[in-house]
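Since chain P is already given, all that's left is putting chain Y on it; use the hints.
Protein chains: 2
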Amino acid sequence: MKEKKVKEKEEKEEKGSWVTYRPEIKIVDCSVRDGGLMNDHKFEDNFVKKVYDTCVSAGVDYMELGYKADKKIFSPAQYGKWKFCDETDIRKVIGENKTSLKLCAMADAERTNYHTDILPKSKSVLDCIRVATYISQIPTAIDMIKDAHDKGYETTLNLMAISVVQDRELGDALEALAKTPVGTIYIVDSFGALYSEQIRDLTLKYLKAIEGTGKQVGIHAHNNQQLAYANTIEAIVSGANRVDATINGIGRGAGNCALELIIGFLKNPKFQIRPVLERVQETFLPLRHQIEWGYSIPYMVTGQLNLHPRSAIKMRASDKPDDYVSFYDQMIEEE
Amino acid sequence: MKEKKVKEKEEKEEKGSWVTYRPEIKIVDCSVRDGGLMNDHKFEDNFVKKVYDTCVSAGVDYMELGYKADKKIFSPAQYGKWKFCDETDIRKVIGENKTSLKLCAMADAERTNYHTDILPKSKSVLDCIRVATYISQIPTAIDMIKDAHDKGYETTLNLMAISVVQDRELGDALEALAKTPVGTIYIVDSFGALYSEQIRDLTLKYLKAIEGTGKQVGIHAHNNQQLAYANTIEAIVSGANRVDATINGIGRGAGNCALELIIGFLKNPKFQIRPVLERVQETFLPLRHQIEWGYSIPYMVTGQLNLHPRSAIKMRASDKPDDYVSFYDQMIEEE
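As given, the protein sequences belong to chains P and Y, one line each in that order. Everything in the first sequence is counted per my numbering, starting at 1 for the first residue and increasing by one. Everything in the second sequence is counted per my numbering, starting at 1 for the first residue and increasing by one.
Only chain P is shown next, with the shape it has when bound in the complex (with noise of 0.2 Å):
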């Protein structure tokens, strides 16, 4: 049923007949989690209040604030609050949230200290834990996301460096997560690797794991090899209705996929560009002349080899951010 539904709103798309919209899809706005990878989260109040007032105006679905990381394991002396996003600090910013605006938090597997860190969903202005996880930690993963379920809230599994899977370990995974109570499974490009045919192949191997259970798939895709935007299309077009993106592509390293590039491919009416474009202008784009984000060949580089970012990241920030040929010879020699 669903991918019937999918073909004929691809056969109408090629035929360029845009008047219709997949209801079912929804934007994550993941600016101030995955912007504040660049700045340990040290996000200041009145930013994280414009990145809410902002995704309420342009009818995002979801707001990921930040990690419910393990005070043992990263000291708040080092880290920003939206580290940790304590109940408190949430709601000094947003109060009670009385919008339709849902909020999401990000819980990585074996970093988070799951069970008395996250709050029961009543005590709690959060909506939705998304559980981010290597394939190696998946059955921690599972029990985190059987404790959030528990608790009361909505869930996500996300499985991280999935270009870097081996396909039976991946099968595995997800015949077992299609028997948890995960509410959506992404598809995680961290390492901006991936090609338009491995995403769809890799969405439509997803969506048949998933089959009857009414989970969804989700998308999350970073550009290195300027892909983000095109590879959260094609997950889009093959059936996955679960999007994140972020203001201006603000994201460690190359970014992620645009919140304002995506909202103008989606149809569906609730969405807005023009409340983006003003924050972009009003705020993101003086954020750049203070950290750095967005395409560049060395992100390039280790998305064309299947690599963390992490070298190129460490190169950006050295004395010598543009010696591209030694960073390449390097990352050639390393492999």
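Hints are not guaranteed to be accurate.
As the list claims (entries may be wrong) - Quick look at which bits of chain P chain Y covers, simulated, 3 or more residues with Cβ under 8 Å: (1) 23–30; (2) 89–98; (3) 206–216; (4) 220–230; (5) 269–281; (6) 311–324.
No lab work stands behind these hints, which were simulated from the structure alone. From the three backbone atoms N, C-alpha and C, an ideal C-beta is built for every residue, glycine too.
What follows is chain Y alone, placed relative to chain P:
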């Protein structure tokens, strides 16, 4: 046969087995021609020579130098030499071109004195004439194709602004073009407005029109919506074999598909990325301080609205280059 081959390749790619390549795929570097739109084609000889050397080292198949513009329409006092590509000016930089790199010039329909200004191939180091045309100029363009072919050149027909061409007109044009001696017919997304499904649909339509003629389909994409590279890949996967790119994506407005990205994608071992990275680092990065190109919000807006980028170019050159919201309001109003 072609489609079967593409399908097989696609299937292989989906499985991650990137061990084969299509030797038919040829790259055209348009850095000097498309980049010249930003400085009235006033690049210095030294710059052109560097791009030429890079193309040779990188294994690029064709390099486009500029236009063969009519000097009665465009004054040589106002435009640089690469607007006209006089034989003596080309030879001054490139000599007899004793390399495997083929040289191209673009000839605009109705703006080229082609009978006179395009020399017989025996008197020119140029190898290929690329005729650029709007749909309404097709009869002139066909005469130009015949003229260049009779003079001994390879030819391409670059059908511009394809995102506003009606289906029936396109069908008629392709039918007429299939009967000409043109070697390659291009999809040119001048406005950077097309999504991948539309690129796929167009590529298949072009391929069908030229079936059995031995002609090729080409793709020239713009980056208004960060889709230049993604759409170029989509065209390749759908069967296009001629691919336009520019170093570091240089080009008018949002620019083009970056050569370094497409070389990273293609698996033909004759293509080398390292010389391109070196050129970006040493020449194009400093050039960015003099002329602006690449993705920015105004170009995104015109791309989303399927409009020529001229308003965005004007706005970026104004004293309020970052007033995105006013620009958006104005563009919506004009619609």
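Practice prompt. Sort out which numbered hints this structure fails and list those numbers smallest first.
Written response: Hints 1, 2 and 3 not satisfied by this model.
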